[in-house]
Amino acid sequence: MDWVRGGKLGHGSFGTVNLAIPRSRNAQIPPLMAVKSCGVSRSDSLVNEKFILDELRDCPEIIRCLGESFSYENGEKLYNVLLEYAGGGDLADRLKSDERLPEFEVRQYTKDILEGLNYIHKFGYVHCDIKPQNILLDKNGGAKIADFGLAKRAGREKMGVFGCELKGTVLYMSPEMVASIEQGPPADIWALGCVVSEMVTGAPAWRCSDVAGLLMRISGGADVPEVPGNLSDEGKDFLEKCFDKNPSTRWTAEMLLNHPFVDGDQDFDDCVTLKDRQKYVVSTSPRCPFDFPDWASSVTCSITSLPPSDFTLDPDSRLRPESNSTISPAERLRELVTVDRNFDWDADDWMTIRL
1 MDWVRGGKLG HGSFGTVNLA IPRSRNAQIP PLMAVKSCGV SRSDSLVNEK
51 FILDELRDCP EIIRCLGESF SYENGEKLYN VLLEYAGGGD LADRLKSDER
101 LPEFEVRQYT KDILEGLNYI HKFGYVHCDI KPQNILLDKN GGAKIADFGL
151 AKRAGREKMG VFGCELKGTV LYMSPEMVAS IEQGPPADIW ALGCVVSEMV
201 TGAPAWRCSD VAGLLMRISG GADVPEVPGN LSDEGKDFLE KCFDKNPSTR
251 WTAEMLLNHP FVDGDQDFDD CVTLKDRQKY VVSTSPRCPF DFPDWASSVT
301 CSITSLPPSD FTLDPDSRLR PESNSTISPA ERLRELVTVD RNFDWDADDW
351 MTIRL
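Residue numbering for the sequence shown follows our numbering, beginning at 1 and increasing consecutively.
Since the hints were derived computationally from the structure, they do not count as laboratory data. A hint or two may mislead.
Claimed, not checked - Listed next, the in silico DSBU-like pairs over lysine-lysine satisfying Cα-Cα at most 35 angstroms (straight line): (1) K96 <-> K8; (2) K8 <-> K241; (3) K111 <-> K152; (4) K122 <-> K50; (5) K8 <-> K152.
Unchecked claim - Here are the in silico distance ranges between beta carbons for each label pair: (6) G220 <-> G87: 36 to 46 angstroms; (7) Q108 <-> P30: 21 to 31 angstroms; (8) D98 <-> L257: 20 to 30 angstroms; (9) D210 <-> A27: 47 to 57 angstroms.
Just so you know, even glycine gets a beta-carbon here, dropped at the ideal spot from N, CA and C.
Let's have the full structure, built from the sequences with the hints guiding it.
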């Protein structure tokens with residue numbers, strides 16, 4: 001694929017990310033892409049990421065890989081992985097702009113992330129670095145998991161403070177990950193809980209600036225992140241399932257997808273404040289002239305009184321009183337639109353007109 005490098009978007013775990021534009025239009029290639037690049041000599045992790053993304057290519061909640069290429073730039077040979085471009089930025093930027101999100105939005109993002117994690121885990125992989133910076137948002141408001149630079153096969157290696165190098169982001173590490181136990185799918189679920197808490201409060205789940213002290217809190221005792229008090233009961237229960245210190249009893253992604261926090265209809269009034277409702281309200285198109293909601297127009301009606309209910313309309317007069325009207329509203333409307341014409345209302349050849 002022939003493409004042109006655009007502006008810088010940021011850094012991944014093992015590469016720089018830029019916009020990319022294809023030189024020629026193709027129905028199979030989007031007009032905008034992202035390209036993650038690094039020097040060939042240090043491209044092992046990026047090659048591994050490309051391999052994993054190819055295996056996970058059929059999941060819409062995971063950023064798609066569009067191809068790979070090599071290039072020579074500024075005297076260095078680069079390995080490039082072309083990726084789907086998510087135009088909504090990442091979840092971390094979303095939190096910076098709004099600090100905390102309304103719960104109905106948290107539920108939707110959480111469900112998308114769970115769909116992606118369930119797919120990842122079923123293929124035998126662990127992401128190992130779930131955090132807001134690695135959750136990308138598309139232009140339709142959906143969430144997609146990105147940056148598989150630390151991803152690995154479940155059960156392949158152990159990591160911890162002693163012996164092996166500790167990889168990942170400390171604020172989102174699970175107790176078993178810090179305590180040198182094999183890192184598996186439950187570690188991603190713990191990290192998801194930290195992300196959900198951060199979406200609700202606008203701040204990291206752990207309130208600790210000392211890394212060594214934080215590692216001790218995560219790995220030792222019964223200490224877990226505080227569950228936000230402004231979260232619904234369903235949300236609190238969901239986080240308790242994520243923050244189970246025992247990875248063997250912690251709920252899986254598949255189990256959490258059936259949790260009421262993300263599954264089924266939500267009560268709009270229970271999880272959206274008035275301010276949020278005004279900002280995010282979604283209306284449906286009216287089906288008739290009388291179907292507009294009472295907030296649809298601010299124009300004040302100039303009619304101060306209505307004609308008596310026994311008035312009707314015929315071809316010879318405007319409003320004529322009836323001494324004892326028994327005409328139904330439907331019949332009155334038919335008189336209004338047909339005047340002195342006779343129509344067969346039961347005919348089969350009527351044409352529906354939509355305005």
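Each hint tested on the structure:
| no. | hint | result |
| --- | --- | --- |
| 1 | K96 <-> K8 | 20 angstroms, holds |
| 2 | K8 <-> K241 | 38 angstroms, violated |
| 3 | K111 <-> K152 | 23 angstroms, holds |
| 4 | K122 <-> K50 | 18 angstroms, holds |
| 5 | K8 <-> K152 | 27 angstroms, holds |
| 6 | G220 <-> G87: 36 to 46 angstroms | 43 angstroms, holds |
| 7 | Q108 <-> P30: 21 to 31 angstroms | 23 angstroms, holds |
| 8 | D98 <-> L257: 20 to 30 angstroms | 26 angstroms, holds |
| 9 | D210 <-> A27: 47 to 57 angstroms | 53 angstroms, holds |
Checked against the numbered hints given earlier, this structure breaks only hint 2.
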